[in-house]
Amino acid sequence: SQKIEQNSEALNIQEGKTATLTCNYTNYSPAYLQWYRQDPGRGPVFLLLIRENEKEKRKERLKVTFDTTLKQSLFHITASQPADSATYLCALGFSGGYNKLIFGAGTRLAVHP
Amino acid sequence: DAGVIQSPRHEVTEMGQEVTLRCKPISGHDYLFWYRQTMMRGLELLIYFNNNVPIDDSGMPEDRFSAKMPNASFSTLKIQPSEPRDSAVYFCASSIHRDGGGRDGYTFGSGTRLTVV
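Those protein sequences? They're chains A and B, same order as listed. For the first sequence, my numbering assigns the number 1 to the initial residue and increments by one for each residue that follows. For the second sequence, my numbering assigns the number 114 to the initial residue and increments by one for each residue that follows.
So here's chain B without its partners, still in its complex pose (with noise of 0.2 angstroms):
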């Protein structure tokens, strides 16, 4: 298998633009996570998925920022309109077991290097 796939690698927009963001999981693994990382933050966890439904999007930051998974093997982050405060790394993860991806984890891509200037 490839992995977890993102695209783009790299993302340079300017302020108020939309920005999508893309991934293809892993086959098999019914869940997918997005996460941020920055610097100041961390890993951030944004939105998750099972089976295609989102399941908690507590970690969204506000309403310019959506995830849809429209099948199995993609989802996107939406940001609309990007501001400067949104430039960090995302990521797309999946997993196969419901606790932590059990023994064999989370598989991460290896994600989208959003600048918004």
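Bound-form chain A, shown alone (with noise of 0.2 angstroms):
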């Protein structure tokens, strides 16, 4: 069956560490990968986006991996924050014309001082 899994226990991780969140995908083809970050009572917003020809993307403290053959991105932010406590969801998007996202269920990322 097809799955997308992003690790469901919440990440705790020390301020100044990086953080490093996985998604995993099962029986899915995906043509770009997309994170998001959504925070308590608000929907999400985009963070970054990468393609299948893509192995790696950078933006300011924010670096996401894609490979295709392990069917896996890595979501990594550096120099953690307080303010980057948030649950953090990846999406497949797929080509042929269909512009629809499959959302994991997010993890729950805590930094603490």
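To be clear, the hints were calculated from the coordinates, so they are not data collected in a lab. Any given hint could be a false lead.
As the list claims (entries may be wrong) - Lysine-lysine pairs mimicking DSS-like chemistry, simulated, CA-CA at most 25 angstroms apart: (1) A:59 x A:17; (2) A:17 x A:100; (3) A:17 x A:63; (4) A:17 x A:57; (5) B:137 x A:100; (6) A:57 x A:3; (7) A:100 x B:181; (8) A:100 x B:191; (9) A:63 x A:3.
The two chains are supplied separately, each in an independent frame; assemble them into the complex guided by the hints.
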């Protein structure tokens, strides 16, 4: 069956460390992958897009990798801050004229001072 | 731009009642999406529109759910009759690019928290 798996357990890290979140998928062939941040009571906010022919994408303190062989994306936040505490969602997108994203359940990140 | 605007923010209704959720997308975005979020199932796509035309409604749970987009600046999601299992947060999102919003992704509204008692 098709699955998108993100760590259901909250990730607790200390301020200043690098947070690494994982998104694994099964029986999908995405053309691109996106990461979103969601704060309590708010809608998801787009962070980064990475396409299947790209290995890595960076934006400020964020880095995303995409390995289509492993069927995995890693999302890194370097020099983490308490303000980075939120739930992070990965989403798979597909080519062929479909403009719809399939979301993972998200991983909650808590950065402690 | 004020972003994607959804109303109401909260809705509490009794089982069997009709519920209408509203969404105003970002001007110029020609894709509009309705998602539902629950703890058990996460974010699920219900339906999406392109240029006001429904393209994929395969996620709509059953005939009790219907969505319309009468013009480029307004969409509704209606549940009739509502049931307790419909309780969830309903999000509307819009995008300008075909491929998942391209480098801009989707822009989500703040959601409507629906509680059916």
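Would you check the hint for residue 17 (chain A) and residue 100 (chain A), treating anything up to 25 angstroms between C-alpha atoms as holding? The hint is violated at about 34 angstroms.
For the pair supplied as a hint, residue 63 (chain A) and residue 3 (chain A), confirm whether the alpha-carbon distance does not exceed 25 angstroms. holds, 23 angstroms
Going straight from one Cα to the other, do residue 17 (chain A) and residue 57 (chain A) come out at no more than 25 angstroms? holds, 20 angstroms
Is the hinted pair residue 17 (chain A) and residue 63 (chain A) satisfied, with a Cα-Cα distance of at most 25 angstroms? Answer holds: residue 17 (chain A) to residue 63 (chain A) is near 14 angstroms, not above 25 angstroms.
Does residue 137 (chain B) pair with residue 100 (chain A) here, judged by a C-alpha cut-off of 25 angstroms? holds, 19 angstroms
CA of residue 100 (chain A) to CA of residue 181 (chain B), is that 25 angstroms or under? holds, 18 angstroms
Between residue 59 (chain A) and residue 17 (chain A), does the CA-CA distance stay at or below 25 angstroms? With a Cα-Cα distance of about 17 angstroms, the restraint between residue 59 (chain A) and residue 17 (chain A) holds, given a limit of 25 angstroms.
25 angstroms Cα cutoff - pair residue 100 (chain A), residue 191 (chain B): holds, 21 angstroms
Is it true that the CA of residue 57 (chain A) sits at most 25 angstroms from the CA of residue 3 (chain A)? Status holds; Cα separation ~24 angstroms.
When the structure is compared with the earlier hints, a violation turns up for hint 2 alone.
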